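Taken in order, these protein sequences are the chains called A and B.
Here the working numbering is used: the first residue of the first sequence is 38, the next is one more, and so on.
Here the working numbering is used: the first residue of the second sequence is 1110, the next is one more, and so on.
There may be inaccurate statements among the hints.
What the hints assert, rightly or not - Residues from chain B shown here face chain A by an in silico Cβ test under 10 Å; the list is partial:
| hint | residue |
| --- | --- |
| 1 | 1598 |
| 2 | 1616 |
| 3 | 1684 |
| 4 | 1711 |
| 5 | 1738 |
| 6 | 1780 |
| 7 | 1783 |
| 8 | 1785 |
| 9 | 1839 |
| 10 | 1841 |
Said to hold, decoys possible - A few chain A residues that don't get close to chain B, going by computed Cβ distances all over 10 Å:
| hint | residue |
| --- | --- |
| 11 | 45 |
| 12 | 95 |
| 13 | 103 |
| 14 | 108 |
| 15 | 113 |
| 16 | 190 |
| 17 | 222 |
| 18 | 224 |
Unchecked claim - For the chain B half of the interface with chain A, some residues (derived, Cβ under 7 Å), not all of them:
| hint | residue |
| --- | --- |
| 19 | 1599 |
| 20 | 1687 |
| 21 | 1716 |
| 22 | 1723 |
| 23 | 1753 |
| 24 | 1756 |
| 25 | 1848 |
In case anyone wonders, no lab produced these hints; they're calculated from the structure.
Being a predicted model, the structure only gives us computed values, none of them experimental.
Cβ coordinates follow ideal geometry from the N, Cα and C atoms, glycine included.
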Amino acid sequence: MRWLATSVAIAVGLITLLDYFFDVPILDALGVAFRQWTIILTAFALLLGVINLLQVHLRRIIRRDEASAGYSLIVVVTATLVASAGLWFGLPSEPMTWVFENLYVPLQGAFFALVAFFLATAAYRALRARNLETTWMLIAALVVLLGQTPLLGVLTDAREWVLNVPSTAGVRGILIGVALGTLATALRLLIGMDRPYSE
Amino acid sequence: MIQCAQCGTKNRDGSKFCGDCGARLVQPSGLICPMCSTPNTVENVFCSKCGARLAPLTVAPVSEKTPPPTPIKGLSLPAKPAEPIAPADKAEPRQPIAPTLKPEREPSAPVTDTEPASPDAPPGDWLGRLQTLTPEEEAPVIPAAETPAPDSEPPTAEEASGWLARLRTAPTIEEQAPAEPSLPARASESVEIAEEDLPDWLRSSSPGQESAQDAAPKSKDAPSWMLPASEAEPIVAAPSADAEMPDWLKDTRAPIAPEPATPPSERLDWFKPVAAPPEMPPPIQATDAEIPEWLKTLKPQDEPPRAPIAQPHPLADTLDADGAPPVESPGEELLQALEGIAPSTQVEKPAWLTEAPHSETSEDEYLPDWLRTTPSGATPTPEPSIEAGALEALGEVPEWIAALKPVEQPVPTLVESGPLETTGPLSGLRGILPLASAVTEPHAPPQPAPVNPFKESARLFESILGAPALAPAMPAKPTHRAWTMRPLIYLLLLLAILIPFFIPDLAGSSLRTFGTPTADLYDTIEKLQPNSIVVLSFDYDPGSSGEMDLQATALARHLMQRRARIIALSTLDPTGAQIAQRVLDNAARAVGNYAYGTNYLNLGYIAGQEAGLRQLATAGFAPATRDYVRYQTLDKYPNLGNLQNWRNVALVIELAGAPEPLQKWMEQVQPRAGVKIAAGVSAAVEPRARAYRDAKQLTALMGGLVGAAQYEILSNQRGLAVISVGAQSTAHLVLLGVIALGNLMYWFARGRGKPK
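So that you can see chain A by itself, here it is in the shape it has in the complex:
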């Protein structure tokens, strides 16, 4: 049955690829159908992720792992409560908006805000001119940091140059590399060399 899976995968990939380049009604219809199937499968993947998360934490609770059983219990209870509220009141609703605005967003923001303190200590220990390379990195960091500081108003053009020239060049290199890798992977999938769907 491996040949059947490979044939289906190659056919779907080729139809979707041809739909990108040619405006043919039948290809458009097939492409739309395949994408809708993909969206449905992705939604099921989200459901599978939720189920897997609950299984992991329930297993920890059953094993009475002292290190993580308490946190797992909190996860399971809160997930059950939020899911029940969402299913009962629907989205959006006042209870769900309250949970989101008063629990989810502040917690996420707080975790993100802690990064500032971690970055401060990391800058103290890492941004040191130990050799030529670290010196160049230190100079770039100082230029961008100073140009990003409106209070000083210095090195703004220098910051723009650093972000537009060296940084963008590096980003483009990364994007081109990712594109080439994606192209190679797509070709391997289309010719059947890689069959992750049948493993």
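Dock chain B against chain A, hints included.
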């Protein structure tokens, strides 16, 4: 036709084996030579081909007493009741003399009770027939004329070494009482055999008859090879002191196992030697020179020292009372030889063969050398070697006699120069065990002593316990400087963030807005026509909402001010829909007169990642699409226009807190839909988004908190973004100070040689 003697099957002439049972067939026409299997005539005494003797030697029994039919262990020879031999003309073809003197070829037959021969007795084996041979029949068997006379004197006992030479010697020991050969099975008949009927060479073996000197003149009748036996001088046992004999040899002269008591009337002559009378002359003392080398060597190995038996045999007195004078005969030696080569298994032999007495005093002298190792019933050990010259000199010796020669075995020689044993049963001997043979003997390599694994484990455990304990590696304590710097940095950073909130417009006046990417975005929105459809994609999560909400709020307000119809959605995760609803609701309340469903709509989360975006770019917003708040299809919102065609969309603003959603929009939607796309990204995504802006894929770009503040300033709606950018500026200053402090301390420590 040859009839099988075993199963009676008739076989063709010339067959050697029975076709039915496989038994070896014998030719009825004559005697089969036991050595070469050549058929001979019945009258032949020697084989016509190889010269082997066909008729064994026999002696006339002299004892009138019938020995008890006690089975005697030893050589297994067929014993059969004697039967009178019919006249030659009437006699049936005699059964071939299958048995030979070789015990291995002789089928084992139980010794039956001897009974007088009867004419009805079936034709038996050669032994039974020998006992019934009449003098007339026996005479031609060994004719003197047929016996080739020796050309010269036969080799003497000294010249013919070994057992064969002694066989040719017929010594008589007058002092001793050797066993008499007797044929118990035919005792009564054998007594009647006239002496002249006996072969001449056997007359000397008659007990109590002639001496060796008398037998000498009649030696012509005897076989030539037996002549020396009759002419040899009797060997008189020379007494010697017991001190010269090893102890183990003394033990060999001990009486054999006690025999059942027998009345004096039934005593046999051959029992006399067993009885060792107290007045028995000293036995032959064998000196070291007389003891064969191989016997010396075998002595300590094969014969363990035994305590000498001081008491004579219980039968000694009774047997000695009327013991007849011993008579020695060559036949006796032959019988003794037969016993010697007999296997030691528990087999029976004819009674007449059991007459070989265990003469302690004479057997050492008269027995073949290889038989001397069989004292007291010990297992005979063959003589190691026989001189080849002696056998050549005795060319006339039949092969079947030569076949009795023991197999040569390598016997380690006794080292004469070894240490002399002074104590114990081996005292007087030198070199008990040759050193060379002891070394060359195969032996197993020395095995190491077995090691107890538990002991090894215990020893290892003890060594571990005894080892000096190492100090556990303590975690490196942070230096005083590092311990104090971290909270100081945290404290400074916290103060730098909080203080600007109490100083409004700390950095707003310092922001440059002209000519920035943010200004391009502002200009793009300013150019939008009223009621233009603008799609806002909220692709960031609550973690980055602190930075991105400021951009989204500034943009939403400006769009609402421009009376644009806003279509919100999320392609990153479902939380984006809630964020969008919150931002739009706040902006609508701030702007006023801007209602959901009429001026703006939230379509919620678009699943499928790339596929969802591709589907959105291809088919647009399908009529069946439901909104996030009211969960109604798009046809319920006629004021928002036709969203199925991207041509109706004036601008797409991608609010990305991560680079992936922006990349998907750039790859899946922008090339296909051909719609203008602007982006508001976080500061971390800005370097990535600059590449799309430089490639004109992005119409405008707003980056980070500074971009939000710039947009607030541009849209003249100063708010939280401008305040936050002040806090960000002070935090940047703190970071600059921390970085400078770290480098100064590093260089200071490096100058002191202690870089950390």
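Enumerated hints in conflict with the structure, sorted upward: 7, 8, 16, 23 and 24
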